[in-house]
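Please build the complete structure, drawing on both the sequences and the hints.
Protein chains in written order, with the working numbering: chain A, 1 to 154; chain B, 1 to 167.
Derived by calculation from the structure, the hints in this document are not laboratory data. Keep in mind that the hints are not guaranteed to be accurate.
[Unchecked claim] Computed beta-carbon distance windows for the label pairs:
id : chain 1 : residue 1 : chain 2 : residue 2 : range
1  : B       : ASN45     : A       : PRO32     : 41 to 47 Å
2  : B       : LYS49     : A       : LYS78     : 50 to 56 Å
3  : A       : ASN58     : B       : GLY18     : 19 to 25 Å
4  : B       : LYS16     : A       : SER123    : 39 to 45 Å
5  : A       : ASN124    : B       : SER71     : 31 to 37 Å
6  : A       : GLY46     : B       : GLY18     : 20 to 26 Å
7  : A       : SER92     : B       : LYS16     : 33 to 39 Å
8  : B       : SER55     : A       : ASN72     : 41 to 47 Å
9  : A       : SER92     : B       : PHE36     : 54 to 60 Å
10 : B       : GLU60     : A       : PRO68     : 41 to 47 Å
11 : B       : ASN90     : A       : ASN39     : 36 to 42 Å
12 : A       : THR80     : B       : VAL20     : 42 to 48 Å
Predicted model only: the values in this text are computed from it and were never measured. Backbone N, C-alpha and C fix where the C-beta goes; we use that ideal spot for every residue, glycine too.
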Amino acid sequence: MVFWKTKAVQFLLFTSMSSNTINIFDYVNTVPTKLFRKNEVIVREGEPSNEKMYFILNGTLKVGMGTPEQKNFQEVRKLTTGQFFGEIALISNRPRAMTVMIDSDKAQLGILDKQNLIRIANSNPMFVYCLLQTYVERLIEAESRLKELIGEEK
Amino acid sequence: MGLKESLAKLTMISIKRGDVLFREGVQSNGAMFFLFEGQLDIYKNFDGKQAKVRSILPGEFFGEMAIINNSPRAASVIAVSEVAKLGVINRQTFGKMSQESPEFLFLLLKRIIERLFETESRIRQIRAEREAAAASEEPLPVVAPPEDDQESSEESSDEEELPELED
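In structure tokens, the structure reads:
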């Protein structure tokens, strides 16, 4: 009991720090990783979800519509070290909306599914907390953008 | 320890119909809540008008943004049932619950991702509708084309910045 109390105190100390000082990649050794090579496809548009999300530990990826197999891949944007994608797969079974493939010579990705996310939450709640914080920031941004858009209608 | 045990230890409060639990824009006291009994409505101010966003039903967590981000309340919450019984989760309790029941953080994460997905879908939908409306209302090139071009390129560069990672 005393043990978790100490941990809870540490946790609270962390949470009171500015969000900028918390880096999700400090916790990355708790996530299984895999090395990919150029042009390997990570998720394919229209494919059923494999219930995994991905963190880019290093490398560059390209996101786009279409697939290289059908030779209609059209790049929309790039993702790079520190970014993550595919989180909707953790919470729903929607098919993948876009294709993501490796752009750099090599790329190392952290792979997270629901099971290991819950396991990590068990041993290292700060990791999940950081993830949560990142999405809350994005949500606040998105909500204010939506508000602006609705305001413009008048 | 599971989530149920954690919830059973929460400090309970009771509010009556019409009571405002918290107001949009107000700096939060860093607490989130779990609704045990009753019904609450969420209201948000859109361009000067209060619009109901949705209801909160028993078994739901809410107000988590205040703990996670320390941001002002994003919406107002009002009791609509005669009585509503709530568990209060302050920062300290939040820390404990995160330690004791990992599914607690996962549940919150799930909710936030869902909300982000919904919000981004609505943004895309509104933009698409406006683009379609603008296209159909534009048979007369009254606006000088270069200006128009600039505007649309600004729009698309803005979209580039949005991390739309919903796939």
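Hint check:
1. B/ASN45 with A/PRO32: 41 to 47 Å: Holds, at about 44 Å.
2. B/LYS49 with A/LYS78: 50 to 56 Å: This hint is violated: roughly 40 Å between Cβ atoms.
3. A/ASN58 with B/GLY18: 19 to 25 Å: 55 Å, violated
4. B/LYS16 with A/SER123: 39 to 45 Å: 43 Å, holds
5. A/ASN124 with B/SER71: 31 to 37 Å: Violated, since A/ASN124 and B/SER71 (Cβ atoms, about 25 Å apart) do not stay within the stated range.
6. A/GLY46 with B/GLY18: 20 to 26 Å: Given range 20 to 26 Å: violated, Cβ gap about 49 Å.
7. A/SER92 with B/LYS16: 33 to 39 Å: At 37 Å between Cβs, range holds.
8. B/SER55 with A/ASN72: 41 to 47 Å: 44 Å, holds
9. A/SER92 with B/PHE36: 54 to 60 Å: 27 Å, violated
10. B/GLU60 with A/PRO68: 41 to 47 Å: For A/PRO68 against B/GLU60, whose Cβ atoms are near 43 Å apart, the range 41 to 47 Å holds.
11. B/ASN90 with A/ASN39: 36 to 42 Å: Distance hint for B/ASN90, A/ASN39 is violated at roughly 50 Å.
12. A/THR80 with B/VAL20: 42 to 48 Å: With Cβ atoms ~45 Å apart, the hint holds.
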